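Novice: For the record, the sequence lines run as chains A and B.
Counting in the numbering used here, the first sequence runs from 108 upward without gaps.
Counting in the numbering used here, the second sequence runs from 173 upward without gaps.
Don't read these hints as lab results, they were simulated from the structure.
Some hints could be false.
Label-pair restraints from in silico Cβ distances [said to hold, decoys possible]:
id, chain 1, residue 1, chain 2, residue 2, range
1, A, E287, B, W273, 29 to 39 angstroms
2, B, K227, A, V293, 47 to 57 angstroms
3, A, V290, B, H308, 49 to 59 angstroms
4, B, R272, A, V293, 18 to 28 angstroms
5, A, V293, B, S316, 21 to 31 angstroms
6, A, E283, B, D340, 40 to 50 angstroms
7, A, Q317, B, G339, 41 to 51 angstroms
8, B, P211, A, A285, 42 to 52 angstroms
Some chain B residues close to chain A (C-beta under 10 angstroms, calculated; not the full set) [unchecked claim]:
id, residue
9, D206
10, V208
11, L212
12, D221
13, V249
14, A276
15, L277
16, V332
17, G347
Remember, predicted model here, so these are calculated numbers, not experimental data.
Virtual Cβ for every residue (Gly too), placed ideally from N, Cα, C.
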Amino acid sequence: MSAAEKVARLEAMLARVAKNRTDGPTRGAPLAAAPRAAAPLAAPPEPEVERSDEIVEETIVAGRDELMLDLSETVAEAPPSPGVPPSALVSAPRPAARPTPMERAISTELELAPPDADEDEPELEISYPEEEEPVVIEADEPSDLAQTAPLSTRSPEPVTERPPAPVAAAVEETVELAPEPIVLAVPQPSAPIARVASRPRAATFGELIQRALALRPR
Amino acid sequence: MAGASFDPGGFFEFDLATGSIAARGAGRVLVLSDSVVAPLVSAAVANGDLTSVRKLGRELGECVLEGLGGGALDATVEAVLESAAGVLSVMGWGRLRVERWGDALVASLDHIPRLDEDHLGVAALLGGLLSALAEHEIACVPVSSAGHFLLVDPSVAQKVWKWSRSGDDIAAIVGRLAPGGAA
Numbered sequence: 108m109s110a111a112e113k114v115a116r117l118e119a120m121l122a123r124v125a126k127n128r129t130d131g132p133t134r135g136a137p138l139a140a141a142p143r144a145a146a147p148l149a150a151p152p153e154p155e156v157e158r159s160d161e162i163v164e165e166t167i168v169a170g171r172d173e174l175m176l177d178l179s180e181t182v183a184e185a186p187p188s189p190g191v192p193p194s195a196l197v198s199a200p201r202p203a204a205r206p207t208p209m210e211r212a213i214s215t216e217l218e219l220a221p222p223d224a225d226e227d228e229p230e231l232e233i234s235y236p237e238e239e240e241p242v243v244i245e246a247d248e249p250s251d252l253a254q255t256a257p258l259s260t261r262s263p264e265p266v267t268e269r270p271p272a273p274v275a276a277a278v279e280e281t282v283e284l285a286p287e288p289i290v291l292a293v294p295q296p297s298a299p300i301a302r303v304a305s306r307p308r309a310a311t312f313g314e315l316i317q318r319a320l321a322l323r324p325r
Numbered sequence: 173m174a175g176a177s178f179d180p181g182g183f184f185e186f187d188l189a190t191g192s193i194a195a196r197g198a199g200r201v202l203v204l205s206d207s208v209v210a211p212l213v214s215a216a217v218a219n220g221d222l223t224s225v226r227k228l229g230r231e232l233g234e235c236v237l238e239g240l241g242g243g244a245l246d247a248t249v250e251a252v253l254e255s256a257a258g259v260l261s262v263m264g265w266g267r268l269r270v271e272r273w274g275d276a277l278v279a280s281l282d283h284i285p286r287l288d289e290d291h292l293g294v295a296a297l298l299g300g301l302l303s304a305l306a307e308h309e310i311a312c313v314p315v316s317s318a319g320h321f322l323l324v325d326p327s328v329a330q331k332v333w334k335w336s337r338s339g340d341d342i343a344a345i346v347g348r349l350a351p352g353g354a355a
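Given the sequences, and given the hints that come with them, work out the whole structure.
Specialist: Quick look at the structure:
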């Protein structure tokens with residue numbers, strides 16, 4: 108859309124607004140809102156604004172006037188219920204708190220925001236495995252966990268399960284128990300271990316018997 | 173088998189005309205089975221009188237002395253013990269062995285006849301035999317169930333016997349003895 112077309116569209120909008128002013132009920136509020144409605148004229152047209160944005164902008168600018176018009180139409184056109192005074196309708200609470208123009212703008216912006224607005228931020232996904240599966244490394248197969256990166260950039264060595272100890276294999280084998288004597292070296296004294304003051308052996312039977320009969324309790 | 177100093181030849185004389193047996197230096201002897209002698213010895217043990225068995229041992233000792241040609245005190249130890257072992261063997265009392273435990277002497281008999289529970293009958297027989305050889309009273313005290321006897325003076329025989337009954341072995345008993353009782 109060219110600038111000229113935008114200007115022409117804005118002028119058409121101003122014309123409609125002016126027509127509404129002249130055609131609608133004459134109240135102080137719409138008149139007071141006129142200068143506000145002229146404000147968009149002073150602002151330079153934004154080239155990037157699309158048609159949907161224009162409608163939003165128009166709604167925002169004319170929001171207060173439409174609100175007032177809606178109220179006036181409700182009061183003027185709605186047939187009063189029997190038994191209900193018109194003042195009750197005027198002073199009746201609004202059906203719901205209508206968002207302010209700023210809130211609507213914010214909500215619109217949030218709704219229109221592209222879902223991938225935060226493309227720059229890395230998407231963080233945290234997932235937990237349902238069940239940790241033990242890492243089984245076969246002794247014959249080459250391990251995928253072999254480190255190929257330089258030592259300075261290597262991550263800590265992964266904890267892997269060690270192969271079963273050879274004790275298990277030993278248990279399976281049937282070994283007959285047999286005594287294994289521990290061979291001890293016979294001490295070789297360099298000198299007599301003890302010295303006994305021995306007398307010469309008895310040469311005769313009489314001397315032998317005499318020594319034996321001389322023994323008494325200590 | 174007796175030693176070289178003992179000749180068993182002609183030890184017994186069988187007189188079939190008179191029906192008697194005479195042992196060398198022991199006079200007439202009788203051949204009895206151990207099944208007959210055992211009750212007799214057991215009865216003597218029960219009565220506390222082993223005089224007859226001891227006397228039999230003395231006669232065997234005199235037989236040894238006769239074979240030695242005189243006294244045994246001046247004879248060598250081997251000659252006396254070989255002659256004693258020879259006489260005991262031909263008489264059927266088993267094979268005599270003697271061990272030195274320091275100054276102590278321990279006699280034993282292989283294939284000892286089982287006459288009583290504690291070998292007191294054989295102890296009396298050995299005591300009589302050795303007393304005849306030593307010309308001094310000797311007591312042989314059983315110190316094992318296998319037929320070992322400690323040769324001691326009769327004055328200490330009772331104490332050695334008590335030690336043996338209390339469970340002391342030969343080494344322990346000998347260790348409690350000293351020459352003359354010196355500590």
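Novice: All the hints need checking, so say for each whether the structure fits it.
Specialist: Now for the hints, and whether the structure bears them out:
1. E287(A) - W273(B): 29 to 39 angstroms: 36 angstroms, holds
2. K227(B) - V293(A): 47 to 57 angstroms: 51 angstroms, holds
3. V290(A) - H308(B): 49 to 59 angstroms: 51 angstroms, holds
4. R272(B) - V293(A): 18 to 28 angstroms: Given about 25 angstroms between the Cβ atoms, the range holds.
5. V293(A) - S316(B): 21 to 31 angstroms: Since V293(A) and S316(B) have Cβ atoms about 29 angstroms apart, the given range 21 to 31 angstroms holds.
6. E283(A) - D340(B): 40 to 50 angstroms: Holds - the Cβ-Cβ distance for E283(A) and D340(B), about 42 angstroms, lies within 40 to 50 angstroms.
7. Q317(A) - G339(B): 41 to 51 angstroms: Given range 41 to 51 angstroms: violated, Cβ gap about 30 angstroms.
8. P211(B) - A285(A): 42 to 52 angstroms: 51 angstroms, holds
9. D206: Violated - the Cβ of D206(B) stays beyond 10 angstroms from chain A, reaching only about 29 angstroms at its closest.
10. V208: Violated. Min distance 33 angstroms.
11. L212: 29 angstroms, violated
12. D221: 24 angstroms, violated
13. V249: 5 angstroms, holds
14. A276: Result: holds, 6 angstroms to nearest chain A Cβ.
15. L277: 4 angstroms, holds
16. V332: Cβ of V332(B) sits 8 angstroms from chain A, so the hint holds.
17. G347: 8 angstroms, holds
Going through the hint list in order, the structure does not satisfy hints 7, 9, 10, 11, 12.
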